[in-house]
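Residue numbers (the UniProt record's numbering), protein chains in the order written: chain A, 1 to 329; chain B, 1 to 329.
Hints were generated in silico from the structure; no laboratory data involved.
We treat Cβ as the ideally placed atom computed from N, Cα and C, and that holds for glycine.
There may be inaccurate statements among the hints.
A few chain B residues that face chain A, going by a derived Cβ cut-off under 7 angstroms, partial list only [as the list claims (entries may be wrong)]:
1) Lys3
2) Ile4
3) Gly18
4) Pro57
5) Leu190
6) Arg224
7) Glu225
8) Met227
9) Pro264
10) Thr272
11) Met276
12) Thr289
13) Asp299
14) Gly329
2 protein chains.
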Amino acid sequence: MKKIINQPADVVTEMVSGLTRAYPDLIKRLDGTNVLVKADNTSQVQLISGGGSGHEPSHAGFIGDGMLSAAVCGEVFTSPTPDQIYEAAKAVDTGDGVFFIIKNYSGDVMNFDMAKDMAEMENIQVDFVIVDDDIAVENSTYTQGKRGVAGTVLVHKILGNLARSGADLATIKQAADQLVAEINTIAVALSGATVPEVGKPGFVLPEDEIEYGVGIHGEPGYRREKMLPSKDLAKELVDKLISSFDGDTTSEYAILVNGMGATPLMEQFIFTNDVMHLLDDQAVKVAYTKVGNFMTSIDMAGISLTMLRLSDAAWLDALNADVRTIAWG
Amino acid sequence: MKKIINQPADVVTEMVSGLTRAYPDLIKRLDGTNVLVKADNTSQVQLISGGGSGHEPSHAGFIGDGMLSAAVCGEVFTSPTPDQIYEAAKAVDTGDGVFFIIKNYSGDVMNFDMAKDMAEMENIQVDFVIVDDDIAVENSTYTQGKRGVAGTVLVHKILGNLARSGADLATIKQAADQLVAEINTIAVALSGATVPEVGKPGFVLPEDEIEYGVGIHGEPGYRREKMLPSKDLAKELVDKLISSFDGDTTSEYAILVNGMGATPLMEQFIFTNDVMHLLDDQAVKVAYTKVGNFMTSIDMAGISLTMLRLSDAAWLDALNADVRTIAWG
Chain A
1 MKKIINQPAD VVTEMVSGLT RAYPDLIKRL DGTNVLVKAD NTSQVQLISG
51 GGSGHEPSHA GFIGDGMLSA AVCGEVFTSP TPDQIYEAAK AVDTGDGVFF
101 IIKNYSGDVM NFDMAKDMAE MENIQVDFVI VDDDIAVENS TYTQGKRGVA
151 GTVLVHKILG NLARSGADLA TIKQAADQLV AEINTIAVAL SGATVPEVGK
201 PGFVLPEDEI EYGVGIHGEP GYRREKMLPS KDLAKELVDK LISSFDGDTT
251 SEYAILVNGM GATPLMEQFI FTNDVMHLLD DQAVKVAYTK VGNFMTSIDM
301 AGISLTMLRL SDAAWLDALN ADVRTIAWG
Chain B
1 MKKIINQPAD VVTEMVSGLT RAYPDLIKRL DGTNVLVKAD NTSQVQLISG
51 GGSGHEPSHA GFIGDGMLSA AVCGEVFTSP TPDQIYEAAK AVDTGDGVFF
101 IIKNYSGDVM NFDMAKDMAE MENIQVDFVI VDDDIAVENS TYTQGKRGVA
151 GTVLVHKILG NLARSGADLA TIKQAADQLV AEINTIAVAL SGATVPEVGK
201 PGFVLPEDEI EYGVGIHGEP GYRREKMLPS KDLAKELVDK LISSFDGDTT
251 SEYAILVNGM GATPLMEQFI FTNDVMHLLD DQAVKVAYTK VGNFMTSIDM
301 AGISLTMLRL SDAAWLDALN ADVRTIAWG
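Start from the sequences and build out the full structure, keeping to the hints where you can.
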């Protein structure tokens with residue numbers, strides 16, 4: 001393992017310090033925690049997300065006006081504790097309530113739920129949504145049901161815009177449920193990720209093999225095969241996604257191409273080009289596209305493709321709305 | 001070589017297509033070229049940069065209001081041709097002149113110079129600056145003098161803001177010369193980069209070794225040694241940089257921490273944390289920080305550190321000014 005770190009046990013604490021030192025105008029750390037909150041808070045429903053670390057820029061990179069109010073950083077690939085989530089809620093609530101955006105992993109779901117109870121005992125209103133956009137497999141290593149992956153970032157952006165506009169907690173909950181039902185993601189991995197405290201990759205792929213459907217913690221996918229050209233990888237993922245929308249090629253979609261950490265942007269844009277051609281072939285209208293590293297898996301090489309069916313016109317406006325964050329350009 | 005590409009010979013053309021398809025509201029491609037220009041142009045001095053591909057998001061990711069008007073994408077690690085640069089100048093000039101931001105590589109310098117002659121024959125005013133911020137070595141594989149690396153992105157941002165404000169070509173030239181003299185960068189590599197048409201890394205480092213001072217095309221650095229903790233890597237680079245400013249620890253600086261393509265943000269923020277502590281130790285004031293992948297070397301693992309001495313107060317405002325681009329958040 002060759003990584004730019006100090007002690008493996010300190011990676012999250014030091015990363016959070018680095019984030020705070022780099023962007024003090026955007027974020028601040030709650031003392032004694034790995035919770036990051038907006039530097040300047042305003043009165044609105046406050047969105048809180050988080051989970052295990054190792055997915056940077058998720059989630060701290062999306063703190064800012066029009067997106068998240070707080071991100072709770074667990075240890076690497078480990079759910080944050082309920083008390084850290086509760087501290088986040090207490091710190092940012094302005095009396096308008098807080099809304100949790102939770103990726104569907106058993107530990108996250110349990111700990112956010114406990115934090116909800118703790119916050120409600122302090123008269124903080126809490127609601128939440130569980131994002132389960134990964135269509136690759138049902139149930140997985142850390143998940144009952146589908147996993148939550150890169151599509152979560154679109155949820156941050158769209159609900160963030162809604163919360164900024166002054167929507168109340170019930171309105172946000174309703175929009176969240178509609179939105180999550182319209183987001184599907186699938187990935188392909190070229191290599192495994194190395195958790196610093198483990199010191200070796202979670203799985204190893206031969207030099208000429210890939211695996212479809214791998215999760216953001218290296219959870220098993222659905223098929224290994226020989227490496228293929230980008231356009232064939234794109235076809236596999238696009239076909240699976242279109243099927244997940246019951247073959248609906250007449251709606252408008254937003255597209256998120258997400259690098260897993262070690263995949264150069266060059267490859268991400270070549271893959272995007274192939275995806276766009278495949279969608280052209282089926283006359284699918286793409287109203288919005290974003291490409292880059294948003295929900296990574298440490299140093300995994302690979303890529304995920306997310307499609308969001310734009311069944312509400314407000315979502316496209318929300319995606320295009322200006323925000324000031326570290327990682328949403 | 002396991003890369004998400006189709007034919008190695010097509011990577012740049014397909015990447016440029018992908019960029020254009022993903023962000024049609026920001027950029028458009030000049031037909032039959034790998035030149036990308038702003039989707040909507042306005043009357044001002046137009047900044048043009050570019051160079052070999054493989055450094056994404058540089059340079060196309062910085063096209064937009066307040067930064068570049070055009071980016072000329074050469075083949076991977078290969079200078080763009082003079083006629084492509086000339087086409088860029090012709091396409092974006094609004095009669096106010098164009099300004100070339102050139103990284104100091106012999107091929108780039110020669111080809112941008114030829115493009116300048118071609119443009120001037122068509123009565124387009126041209127001026128330019130050569131960025132040579134890499135303090136690691138004097139002269140290098142493709143360079144007379146110092147290499148141009150990640151600090152170039154700060155030049156895009158600061159001159160971009162100046163050009164947007166309506167400054168004329170002579171004013172921009174003067175600011176550019178002052179600015180480039182105040183930017184120094186140095187890198188450390190953990191692995192080499194693989195050019196798709198070559199199919200294997202440009203150099204190989206043993207699993208327990210790093211190399212200081214490597215260039216963005218894998219040009220040799222100044223020392224190999226055993227892998228060290230992040231704080232030791234940071235100390236080596238910070239010390240070299242402070243020396244490059246003749247030990248000036250009383251001025252204010254801007255800091256750019258740049259991932260080389262395969263380095264996770266987690267590591268970049270841990271390294272940033274170490275850099276900040278070292279600068280604290282010397283009471284160096286940091287007025288601005290930015291962390292991420294800005295000037296990469298395909299899939300190289302490694303990091304560079306840039307310090308800009310803020311000897312003109314306008315530069316800090318320019319760094320903080322809002323822009324709308326693919327890659328400057």
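Hints, one by one, checked against the model:
no.	hint	in the structure
1	Lys3	6 angstroms, holds
2	Ile4	4 angstroms, holds
3	Gly18	3 angstroms, holds
4	Pro57	6 angstroms, holds
5	Leu190	5 angstroms, holds
6	Arg224	13 angstroms, violated
7	Glu225	13 angstroms, violated
8	Met227	5 angstroms, holds
9	Pro264	5 angstroms, holds
10	Thr272	4 angstroms, holds
11	Met276	4 angstroms, holds
12	Thr289	4 angstroms, holds
13	Asp299	5 angstroms, holds
14	Gly329	5 angstroms, holds
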